[in-house]
Amino acid sequence: MTSILEKLLFFPYTFVLMNWAVVAGLYSFARGSTGVWEPVSRKERAPWRW
Amino acid sequence: MAQMIFWAAFVGMLYVYAGYPLLLAVWRRLAPRPIHKRHYSLGQGRCEPTVSIVIAMGNENRNVLAKMRNCMELDYPASKLQIIASLDAPTDGTDTLVRRCPGVEVVSSQARIGKAGALNNGVERATGEILLFADSRQHFEKHALREIVANFADQSVGAVSGELILLDERGQESSDGAGAYWRYEKKIRAMESAIHSVPGATGAIYAIRRELFVPLSGGIVLDDVIIPMRIVLGGWRAIFDSAARAYDGASESPEREYQRKTRTLAGNYQLLVELPQLLLPWRNPIFVQFVSHKLGRLLVPYGLAAFFISNLFLTGVFYRTVLACQVFWYLLAVVGWLLSTQRQSHHAAISNPGP
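Listed in order, the protein sequences are those of chains A and B.
Take the first sequence: its position 50, counting from 1, is numbered 50 in the numbering used here, and each next residue is one higher.
Take the second sequence: its position 107, counting from 1, is numbered 107 in the numbering used here, and each next residue is one higher.
Source of the hints: derived by calculation from the structure; they are not laboratory data.
All C-beta atoms, glycine included, are put in the ideal place defined by N, C-alpha and C.
Mixed in with the good hints there might be a few duds.
Under 7 Å between C-beta atoms, here's a sample of chain B residues computed to sit facing chain A [to be verified]: (1) 265; (2) 266; (3) 269; (4) 296; (5) 298; (6) 301; (7) 335; (8) 337; (9) 341.
All chains, full assembly: derive it from the sequences and hints.
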């Protein structure tokens, strides 16, 4: 039950964050900082992501 | 004026998230273009085409051995398979590790040239009829290569994207915010593939005919979108095959997904500069899909802002109710943000219990 509630609460946050990423992506592109070797980790995996 | 902006923003966003998938569903029903997939196997008089797996790597010492083992364990004749690790001047010992792997050809650059440069170098070495591109972190399913290659029996197919499955900590397909979004995205890709082509592949697993590869410009972020889109512009199909699977862990938090998204979305703007003909309906055979799927998503945040701001200037029960719903939605987003921050502090406390 808690898990479902958490998912419901996370959905608007994820939606807003992903849309903000579009704006941040434009800013990043405009600044020319579009490196593909930047670190982004995923759980249980190595902390490097293109 | 405010009313016009309100409704234009609403209809535009509704089209991107609901109208477009609905359009695809109808389109697929009315004008499907099935793929004539054919599995190759010895003993049936049809031999498998030769395949070169090209993996560009930076600092990947934690993934490289597992990835190479995974490639060698694929269900595909070893004599038809070439595995190329193209190294971009790693500094963490990736080169030493990869050279220990038997049967792996290593291409290395002395200085950093970026992923695009590493891919170009890898393809230069490749001899296979089919090129399979992959990242080093994700794990292929055993039959993934056989499944993806079978699509090239259809002579209209120039590129094939496999399916990336994001797993949660229980090893099941992730269904939280980002996981749910990815599942929605894959459904759209499947429908786009059924009518013509997908406007982009999955970097974790995609394959192309070797002769269709055009060297990438330096600094390209989304090779998995630019390569298939060039192929589509050349008159071929770029399809999605959910039977060719790769697995990865889901992002540990929405913030991590945000970082990844920011870079890939920056790559989408780069795509428009690199291939401006994508915006010309007479040049781009999947113009509707490209505009609805790729461009539409880039416009949604501005639509959301316009929707909210215009709503502030509108009176009447209906508009006030919509405004209340919007405010409630953003309040929920703030609660989600607080929960996420709290969860991360909790994880950090567990990871670093202190003295």
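For each hint, the structure was consulted:
Residue-level restraint check for residue 265 of chain B holds (minimum Cβ-Cβ distance to chain A is 3 Å; threshold 7 Å). Contact between residue 266 of chain B and chain A, as hinted, is supported at the beta carbon level, the nearest pair being about 4 Å apart and thus within 7 Å. The restraint placing residue 269 of chain B at the interface with chain A holds, with a minimum CB-CB distance near 4 Å, inside the 7 Å limit. With 7 Å as the threshold, the beta carbon of residue 296 of chain B stays out of range of chain A, its nearest partner Cβ sitting at about 11 Å, so the hint is violated.
Hint status for residue 298 of chain B: holds, given a least beta-carbon distance of 6 Å to chain A, under 7 Å. The beta carbon of residue 301 of chain B is positioned within 7 Å of a beta carbon in chain A (closest approach about 4 Å), and the interface hint is therefore held. Interface restraint check for residue 335 of chain B: the shortest CB-CB distance to chain A comes to about 5 Å, inside 7 Å, so the restraint holds. Below 7 Å, beta-carbon pairs count as interface contacts, and residue 337 of chain B has one with chain A at about 5 Å; its hint therefore holds.
Because the closest C-beta pair between residue 341 of chain B and chain A is about 10 Å apart, greater than 7 Å, the hint is violated.
Hint check: violations occur at hints 4 and 9; the rest are consistent with the structure.
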